[in-house]
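Can you build the whole structure from these sequences, using the hints too?
The residues making up each chain are set out below.
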Amino acid sequence: MKKLFSLIALVLVMSLLCSCCLAENSQKYDEMVTVRFVRSTDDTLDANFFSQYPDKTMTDNLWCDLYRDELNIDVQYDWIVKGGDEYDQKLNIAISVGDIPEFMNVTALQAKQLAEAGLIMPLEDIYEEYATEQTKEVMLETGTSPFDAVTFDGHLYALPVVGETLMIADLLWIRTDWLEKLNLPVPTTMDELVATAEAFCAADFDGNGEADTVGMAIAKDLWGQLFSMRGFFNAFDAYPGIWVEDENGQLVYGSILPGTRDALETLHEMYEKGLIDPEFGVKDGGKVAEDTTAGKCGLFFGSQWNSIYPLQSNKNLEPDGQWQAFPIVTATGNPVKAQTDVGTTSWTVVRKDVEHPEAVVKMYNLFIDKCWGPENENGVYYAPLDSESIWKLSPVTPTKPDKNLNAFLDLEAARASGDYSNVTGEAYSILVKLQAFESGTEEGFALWGWERIYGAEGAYGVLNHYKENNLTQDNMFVGAPTETMTSRMSTLQDLQDEVFVKIILGESPIEAFDQFVNDFNALGGEQITAEVNEWYASLNK
Amino acid sequence: MVESKHWSARLFVILNYLIISLLALSCLIPLIHVLAVSLSSSAAATGGLVVLWPVDFTLESYAYVARRAAFWRSMLISLERVIVGVGLNMLFCIVCAYPLSKERQQFRFRTAYAWYFFITMLVSGGLIPLYMVVFQTGLTGTFWSLVIPGAVPVYNIILLLNFFRQTPRELEEAAIMDGASQWRILWQVYVPTSTAALATVALYSTVYHWNEWFNGILYLSSPDQYPLQSYLRTIVIDMKLTNMGANDWQALALVSDRTVKCAQIFLASIPMLILYPFLQRYFVKGLVLGSVKG
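Here the protein sequences line up with chains A and B, keeping their order.
Take 20 as the starting number for the first sequence in my numbering and just add one per residue.
Take -5 as the starting number for the second sequence in my numbering and just add one per residue.
Worth flagging that the hints you see were computed from the coordinates, not collected in a lab.
Among the hints, a few may not be true.
Calculated cross-link-like contacts (lysine to any residue; reagent style SDA-like; alpha-carbon spacing at most 25 Å) [to be verified]: (1) K371/A / A57/B; (2) K306/A / R61/B; (3) K239/A / R227/B; (4) K302/A / C21/B; (5) K452/A / L261/B; (6) K302/A / W47/B; (7) K371/A / F129/B; (8) K306/A / A63/B; (9) K521/A / L203/A; (10) K334/A / A57/B; (11) K334/A / Y58/B; (12) K452/A / D251/B; (13) K334/A / P204/A; (14) K75/A / A57/B; (15) K302/A / I26/B; (16) K75/A / R61/B; (17) K306/A / L19/B; (18) K75/A / A63/B; (19) K302/A / I259/B; (20) K521/A / Y290/A; (21) K302/A / L43/B; (22) K75/A / S215/B.
Structural data, given as structure tokens:
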């Protein structure tokens, strides 16, 4: 009898083992499965990859080989278009004439429309069944919001191409060599910041005797990625463009908070003092970047990557100049929270009649495993030094949201211990860049921008400070755009920007802001707020 | 010109020259600026230091463009498009304009046909119906989607039609007396006497085909097939910064490289710069004058 038991136990163990290996292999199809995507491409792939491997194509490259060899999936494209706007345009037209691609990346709004039209299939079961633990973990690194945005009537209609949330938070970039020359401290309050800007203007560092120094850079698009004013408004406890919780637990639009009024008033005062370019209303980010590059401006709110663009070109012109990122200042005396938003801007959807919808989940698995998995192949498949954009060759590119921060923390740990042997993966690729910069060669000099992000004084240190001290304000509304939002929000935002710019320029008195708040509510804002809160309430149920 | 006797006439001439020079300069200066930027160092260009003369002269951006296969591939496609597209345009233009230039007595339904063409200038189907036609006829994703839609240029037909009408009837009557068919009259009488108008129309359609970029992006299924202007648009227009995904910012350093953009824009304008002086002399004459004068 005992023998029988042990035999049964053995059989059980064997079958368990087998099912394990089956599960492992089940990722790969027995027969070749063709998946047809559409996609956009951009100049970086041309410049960083195809220029070096001219015989490679969009369907014949490292990533397509990988999908073919490891999964038996043959990646094909119905069409490829260059440029993000062009992709949206072409996709909208293709959808409206009924030429719907099998697999495609769309916005949350497009996903909602496609789901309502019954053109795409729910994916929650497939995702549950086929996504590996590793994938599920990475996809949830920024919380459930990327999934919430594309969940309609309880069904998940799209897979989020997840991205980083933290990197959206604004920082304060300052020319530290100017601070040193004037013997000024790093500003931590709004008053100090204004004083610093005044001192920079008065100093006339380019020495041409003209009053052409700009105190603080600001562009016509107040909330663009370049010279965004978000950080400035955050200093006043205002959160333009995102939804935040008020003291009653209700969501309110961050642009109409009282702090916004104070921020606008301060901006107008700065304008009166000549600390803001009087022509900012007609200059886009690229144009304003000319001021920082030409050494006419030493202070602005911006993103962690600004040292690569546009500051690196200033460094090239003025090798003795130095920039550093600092936490945004406070205007109220309270600790300041920098606003963030959903880092996911794109979702993969699957046409209703596709035979192997799970193929896309398997591709997600493989992408995440190759780029951030335990095998540590990041340097081959994600961003090898000789062709940084190689990851874009994959039609699906879910990014590990914490990867940049983790890379920074790995480097910090290595700097503290002096032991760089444990630096691997993407952090290693960055380490090579930092070491090249430290070597003092001409090639290394071009990597100054990277050192300003990941070095000991790097911008990620500030972001990490935000994260550790809970100094970020997330957008609390992460659902798909509501009905009124779809029809009214862009008009309301245009109105808002117009009013704000007029107040800054002094064309309207500050009271125009109160009028704007009334108009906002009357022209649909109230309705939108109600819809947003309805969504928020449904979330907590 | 006769020497002016009166000061006001003189002033008129001076003002004329002044205004026309200013207009010419306003066309020329952007081109010179582009050339100057393309020959400057990247940092100087990004800093906005370049106006009309290169700063830190360098040919680096041209060397870079020379290595970009995509640019030259697109250039070839554009040339191909101009040759095929202008050929088709001219053929359809001539064979449509000729019968429409006839009197009612010779061609009874002339007015109806003329309206049939003309109406398309007033109302168009719009983008999506147009796309549907091109899609359903299987042209999307092929080179032909660039030249077949728009192969019948109605504006050019009207220009040519009016020119044909100014051709003296006597020429045609003489040819008929000699027993020529209408087909022969068209190709051996009208076309040779209308070279001025034809050159004008050819220039129009060449410029159209060279500059048109939207169809390339709309109909073609891969950037490998883009004509030059579609390609240029994708590199020149700024990236949509508000909608950038994680890591797209790495692209900015590259995209911001104005010198390379300017080098490509300048190279792309060279063929038209060469073509214009050759055809320009027909321009004025072609539009307003008849065929048998002088």
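Going down the list of hints, with the structure as the test:
1. Distance restraint check for K371/A and A57/B: the Cα-Cα separation of roughly 49 Å exceeds the 25 Å cut-off, and the hinted pair is therefore not satisfied.
2. Under the criterion of a C-alpha separation no larger than 25 Å, the hint pairing K306/A with R61/B is inconsistent with the structure, at around 28 Å.
3. Restraint check: the Cα-Cα separation between K239/A and R227/B comes to about 23 Å, which is no more than 25 Å; the hinted pair holds.
4. For the hint pairing K302/A with C21/B, the CA-to-CA distance comes to about 23 Å; that is within 25 Å, so the pair holds.
5. Between K452/A and L261/B the CA atoms are separated by roughly 35 Å; this puts the pair beyond 25 Å, and the hint is violated.
6. The straight-line distance between the Cα atoms of K302/A and W47/B is roughly 23 Å, inside the 25 Å bound, and the hint therefore holds.
7. The straight-line distance between the Cα atoms of K371/A and F129/B is roughly 22 Å, inside the 25 Å bound, and the hint therefore holds.
8. Restraint check for K306/A and A63/B: the C-alpha separation of about 30 Å exceeds 25 Å, so the hint is violated.
9. Distance restraint check for K521/A and L203/A: the Cα-Cα separation of roughly 32 Å exceeds the 25 Å cut-off, and the hinted pair is therefore not satisfied.
10. Of the pairs offered as hints, the one joining K334/A and A57/B holds, with about 24 Å between alpha carbons and a cut-off of 25 Å not exceeded.
11. Between K334/A and Y58/B the CA atoms are separated by roughly 22 Å; this keeps the pair inside 25 Å, and the hint holds.
12. Of the supplied pair hints, the one linking K452/A and D251/B holds, its CA atoms being roughly 21 Å apart against a limit of 25 Å.
13. Pair hint K334/A plus P204/A holds up; C-alpha atoms about 22 Å apart against a cutoff of 25 Å.
14. Taken as a hint, the K75/A and A57/B pair is honoured in the structure, with Cα atoms around 22 Å apart against an allowance of 25 Å.
15. In summary, the hint linking K302/A to I26/B is supported, as the alpha carbons are separated by about 22 Å, within the 25 Å threshold.
16. At most 25 Å may separate the alpha-carbon atoms for a hinted pair to count; K75/A and R61/B meet this at roughly 16 Å.
17. Between K306/A and L19/B, the direct Cα distance comes to roughly 24 Å. Compliance with the 25 Å bound is thereby established for this hinted pair.
18. Proximity of K75/A to A63/B is assessed by CA-CA distance (about 13 Å); at most 25 Å being required, the pair is judged to hold.
19. Annotation: proposed proximity of K302/A to I259/B holds, straight-line Cα distance about 22 Å (limit 25 Å).
20. Restraint check for K521/A and Y290/A: the C-alpha separation of about 11 Å stays at or below 25 Å, so the hint holds.
21. Between the alpha carbons of K302/A and L43/B the distance comes to roughly 16 Å, so the proposed pair stays at or under 25 Å and holds.
22. For the given pair, K75/A sits about 17 Å from S215/B by alpha-carbon distance, which is consistent with the 25 Å threshold.
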